[in-house]
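**Student:** So the protein sequences, as listed, match chains A and H.
When you line the first sequence up against this note's numbering, it's residues 3 to 773, in that order.
When you line the second sequence up against this note's numbering, it's residues 3 to 773, in that order.
Wrong hints could be hidden among the right ones.
Note: identical chains are not told apart, hence a pair may lie in one copy or across any two.
Computed cross-link-like contacts, SDA-like style, restricted to lysine to any residue with a CA-CA straight-line distance of at most 20 Å [claimed, not checked]:
{"#": "1", "residue 1": "139", "residue 2": "126"}
{"#": "2", "residue 1": "66", "residue 2": "180"}
{"#": "3", "residue 1": "197", "residue 2": "282"}
{"#": "4", "residue 1": "522", "residue 2": "457"}
{"#": "5", "residue 1": "389", "residue 2": "532"}
Rather than coming from a laboratory, the hints here were simulated on the basis of the structure.
Number of protein chains: 2
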Amino acid sequence: MKKYLKHDEWCIIEEGFKPELNRVSESIFSIGNGRMGQRANFEENYTGDTLQGSYVAGVYYPDKTKVGWWKNGYPEYFAKVLNATNWIGIDVEISNTSLDLAKCKVKKFRRVLNMKEGYLERSFEATMKDGKKLKIKATRFCSIVEDEVGAIKYSITPINFSGAISVTPYLNGDVRNEDANWDEDGSFWTPIDTKVKRRQAYVLTETKKTNYQVATGMKFGIHKNNQELVFKSSKIKTGLFVGSAVAIPVKKGDRIDVYKYAAVLSSENHEKEDLLEECAARVKAAYQTGFDTLLKNQKIAWGKKWEDSDITIEGDIEAQQGIRFNIFHLNQTFTGVDARLNIGPKGFTGEKYGGSTYWDTEAYCLPFYLSTADQKVARNLLIYRYKHLQKAIENAGKLGFKDGAALYPMVTMNGEECHNEWEITFEEIHRNGAIAYAIYDYINYTDDKDYLIDYGLEVLIAIARFWSQRVHFSNLKGQYVMHGVTGPNEYDNNVNNNWYTNYIAVWCMRYAATALSYVKENDAKKYAKLAKRIKFNELEELENWANICDNMFFPEDKELGVFLQADGFLDKELRPASSIPKEETPIHENWSWDRILRSCFIKQADVLQGLYFFEDHFDVPTIERNFQFYEPMTVHESSLSPCIHVILAAKIGNYDKAYEMYLRTSRLDLDDYNNDTDDGLHITSMAGTWLSVVKGMGGMRVKNGALHFNPFLPEKWNAIGFKIQFRGSTIQVKMNKTGTTLQNLSTQPVTVYLNDIPQQIPARKAILVEV
Amino acid sequence: MKKYLKHDEWCIIEEGFKPELNRVSESIFSIGNGRMGQRANFEENYTGDTLQGSYVAGVYYPDKTKVGWWKNGYPEYFAKVLNATNWIGIDVEISNTSLDLAKCKVKKFRRVLNMKEGYLERSFEATMKDGKKLKIKATRFCSIVEDEVGAIKYSITPINFSGAISVTPYLNGDVRNEDANWDEDGSFWTPIDTKVKRRQAYVLTETKKTNYQVATGMKFGIHKNNQELVFKSSKIKTGLFVGSAVAIPVKKGDRIDVYKYAAVLSSENHEKEDLLEECAARVKAAYQTGFDTLLKNQKIAWGKKWEDSDITIEGDIEAQQGIRFNIFHLNQTFTGVDARLNIGPKGFTGEKYGGSTYWDTEAYCLPFYLSTADQKVARNLLIYRYKHLQKAIENAGKLGFKDGAALYPMVTMNGEECHNEWEITFEEIHRNGAIAYAIYDYINYTDDKDYLIDYGLEVLIAIARFWSQRVHFSNLKGQYVMHGVTGPNEYDNNVNNNWYTNYIAVWCMRYAATALSYVKENDAKKYAKLAKRIKFNELEELENWANICDNMFFPEDKELGVFLQADGFLDKELRPASSIPKEETPIHENWSWDRILRSCFIKQADVLQGLYFFEDHFDVPTIERNFQFYEPMTVHESSLSPCIHVILAAKIGNYDKAYEMYLRTSRLDLDDYNNDTDDGLHITSMAGTWLSVVKGMGGMRVKNGALHFNPFLPEKWNAIGFKIQFRGSTIQVKMNKTGTTLQNLSTQPVTVYLNDIPQQIPARKAILVEV
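Here chain A stands alone, though its shape is the one from the complex:
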């Protein structure tokens, strides 16, 4: 837990240079545009502690799997997010001494992430060893308009000396990952080509094994006191380090502005042979457009993003800053323009975990993009999984499943499994359910039923087939059971009959059958074609699914009126998480693994995750009983835990608990709650914060094609505002002490339910419903 950042509605502000927190700040102040991303490393040389990170979407290396003891079925590799060519570098030298914040006196250091306009600014005054003082201001951004372009304005002012300043804008392809399993000592790139011109440079490198090529280019100009400078430069080319050194004579008080324009292109988006050429074209175009215009366009584009996705919280600036920080990073990570991309757990802010896709995407992130972006964005997230269906079928095949059954991977980059703990890889199979649920969620929200016909049904059948093979009939119980699974609560491994998994499995089979009826009825031809292609034996398979669904075992305790997390749960020693001594928390850092497993303590919503997904299947007292039973045993040691509890607590009217839970999620990274922000942000859990506000405090649901709100306003706050895109309409919701205002920003009337009462809102009108 750290509290070193200034509170501001729209900006993240760090004041004073704190080398010991540099990695944390590098994560927090990261910039990105869905296609590329950059940690807040310094432009100038820095010999202090830093995690260098420049990432290119979709480019990875299959690092050799690292396990102690091989288990049959483990994947061969682990997809690693790669640190790519450094495009931000600008070395500064004065009297042959490199400007290096680790070796200067630093004053007035200030780092600002302007979330409203989408850029990073850093300024400071440095006193060199020899007493020379200079002032630096650096501004940079990854353009969300031209998503292969980044731009930097780096301003240098000598405060107390005249003489020469040497600046060297450069690219450096000789980069490593800090962490690597086995291979290559973290060096995952092969050099292909480099070029240097007077004010341009290019690096073309290729990933080992996967053979992605990435071209990085830069062009720069220099202004002195706002006048373009004509300069000579010395070209530098050492291995994959390419740049131009320019010596600039300066007088005290002069201002040197270095404008550096960079482009990062990958062979995922261009023919390899065109890469350098295309890269040069983008670099030159950016140079011609100029920094100010690029930045202006950036501000306009971010303005539009905020227009769609902003949440306002009045009366609590910390909360306001927290929620915007989360929305900002979600929008930086995934823009939805490319169905090959997904939402990595660290986004573009670190190299940890590797792989880009977890069930987080479907369970936590999808609703954010559904409500705040064009429908295509969410649809692309579904298409991503559709494209991986054959790999998921192969994956299930490796585990002994057949006849087109699909098991989606726990972690993946390209559809292949990358995780290697048996209790997760083979057993945390509820992820398959989340992928089916996302299809339901998308269609429920958008009414885009055509998606079922063209893509959804095929995925749903493959998933239903998996479940139908994964259960088995217990002669003892006379019911179907599911053994050897790990639920969302990873603090209870390899259990039998995890209620959540059993429930979602049955739901999947039923939903697949419903979807099938719909498709058959609405496009019999396409259905017939699909059925033939996937060898679907309709009669037999449907009967089998129905039989399983009708005879599935669900662990529950009738007396307590609760569903049981798994067989034997009530045999555990049940006690509240509050009974754990403070010095033993978080338990995952302080207790041995077996002790955690044996305990009743819950890492994140498990039974409650099911009640969240399938809220309408249960009455409020049932939800309440389960919440009261499980929440006290929940340690929330997953960043994905609190948000679900906010929503359910709000549902059952436990607003204090909802607010308490909200406080644990909104500033997780900003305050480095778990002391692990140094290696990257928790991008997917940021969506959970959004969910907390909109589904929790706003009580937003979609039922029978209509938007519902059941708002509550935390006492400490004056007002909450957010905007929802829904089937072509835009609804602005404002909740304050007086009541709730629903504003229809669209050109058509819309009916919205407020506390279950329908409200007709004419086009461009608002209604206020008082408390």
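Following the hints, complete the assembly by docking chain H onto the known chain A.
**Tutor:** Showing chain H alone in chain A's frame:
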């Protein structure tokens, strides 16, 4: 499965050179003496496929733990058995060409392991590229009389040429392990010193991190046609390769005998500064004694070993060879003279697994040494664990146990845990029970109750304390339960209430209490001292144990009349192992891990292991019902499985099953049953074969201080004979078609029970009880 070795009562014989089986033969023909061991690598240069292995007891390297995902509580290192300085090497050169079986025509290749006399012999004729033919015969052994000494006689006869033969006896300390986790690329030794003289050489190396020093020395002599040769030599010293090259003029038909004497000394047994000197002294003494005398002494010593431990099987030469092979290797691996040593799963035959001690020692090996060797040998195996008690207490402490509770490691070299799979390391805790059981077993066999006073009780209390903390009270059941364990059947992980573990836990607490009464009664002073030292709160702790024992939950099914392997076992799909398609066996190679876990299939005796240990607690029908229930589901994919089933099948009179199971154990390595003998032999399971014959077919038990036999003779065999050391008496048992002969070889009368009828056998007399 391979069947390439000749059948012989006393020898293992390979005929014909089979490079593709070389690693398998290198394992099978290994020699050792409990202090050092050597795979059957060739003396001369060999560029073909080989696993070089020369091992020194107690010398290991703590290789960095390799895990995919760290779990709290994992050990930091994995103790690795080290390949040490090569002392067997003798290079042979003719016309500057190295003799290398990978590059010659090889005829009449023959490898013989003479188990009766304890040496390895190899002979062949080689035709070099240039047509020169020569005959080689090499004999070598690790002395069991001087256990730091090895000797080689290497005879060379030029068949079709005269000229010069160059021989270079050498030592080479520049050796690696084939397999290493992370560190050092398999190179675990630091050079300390080397010396070369005309006919001597020395290498002193030190292990990295653990800093064991090993001195290896050699001295050689050469005879030509039985005459000692005076020779000049060229000393060679390249890094850690030291030797002397001798050019010998030869005529066709001459015989050159190279006698090489080596000594291997470790700093475990000598002061570091004396190592080289002591090594030289041993080398010289061996040289002076001479090969023939050393070999004669070896034969005498092995004669004595066989005298004590031989088993004869008449009418089945394969079975005879198999059982002797197992006994031979057990005696090569552990001699019991040093309580710091133990029985590694691969002995001195390979580097796989690392660590030396598993629960195999207590559960499977102890009875062999109890019955065939001096009582001290078995006692030293117990003392080994006594010495590790503090480490076991620390180990339990790491997992959150306190107040002197001990958890012995799953795998260890020095008392510290070396294994790193959570479901094993933290959960396969029944090993603790086996360590207590061994104390019981030893005392039951030997009547050495003093052991309890001086060592046993302290270990038993620490183990009982562990169990008392590891269980918890289930409010649901109103009984104590034990969650999150893995039983001996590792194909069912992280289960609740594994019957075997619950049973042995309760037994441990009860036995500790009984032992405590005994010690208190018989040596109140020592008891009081111990109780004070370990802060034993007698009243409270004993009451707690008794309470747990009286209220422990044991899963069972009354209707079926069987104990349940664990909670939920009957929920599994129960089907016999015979229903698994042949091409899918062994399942651990063909099924994904989760599928194995969900299945009912059992790797090795689990409930049945308990019925074996505690046979007298159950009536025969109970044992029979459980055997009939579990054995059909058992896949015996652990080499430790069949032996327990032989014994129980014999117990319930299912002799066909007993014999069927016996066939799966006795020639496991000789016939390379599981295709994994290439990287070493399954030493600990060899004890299981001995158990199968003596406790299975012989029906040997010790009850109330008396030996019992309940023999059965497999139909295919004519006779079985074995000898048992028991409390100062030696009993020779012979079972044939006529009946059972019990011969008392001791100078005192002894009462032995045959089929529960007491038989008084006078000193030096035999009785025959007809069938």
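**Student:** Take the hints in turn and mark each one as holding or not.
**Tutor:** Here is what the structure says about each hint:
Proximity of residue 139 and residue 126 under a CA criterion of 20 Å is satisfied intra-copy only: 7 Å inside one chain copy versus 82 Å between copies. With identical chains, the CA atoms of residue 66 and residue 180 are at most 20 Å apart both within one copy (15 Å) and between copies (19 Å). In this homomeric assembly, residue 197 and residue 282 come within 20 Å of each other (Cα to Cα) only inside a single copy, at 11 Å, whereas the closest approach across copies is 66 Å. Taking the shortest alpha-carbon separations for residue 522 and residue 457, only the intra-copy value of 14 Å comes in at or below 20 Å, while the best inter-copy value is 77 Å.
Within a single copy, residue 389 and residue 532 get their C-alpha atoms as close as 15 Å, which meets the 20 Å cut-off; across copies the closest is 69 Å, which misses it.
The structure is consistent with each of the numbered hints, conforming to all of them.
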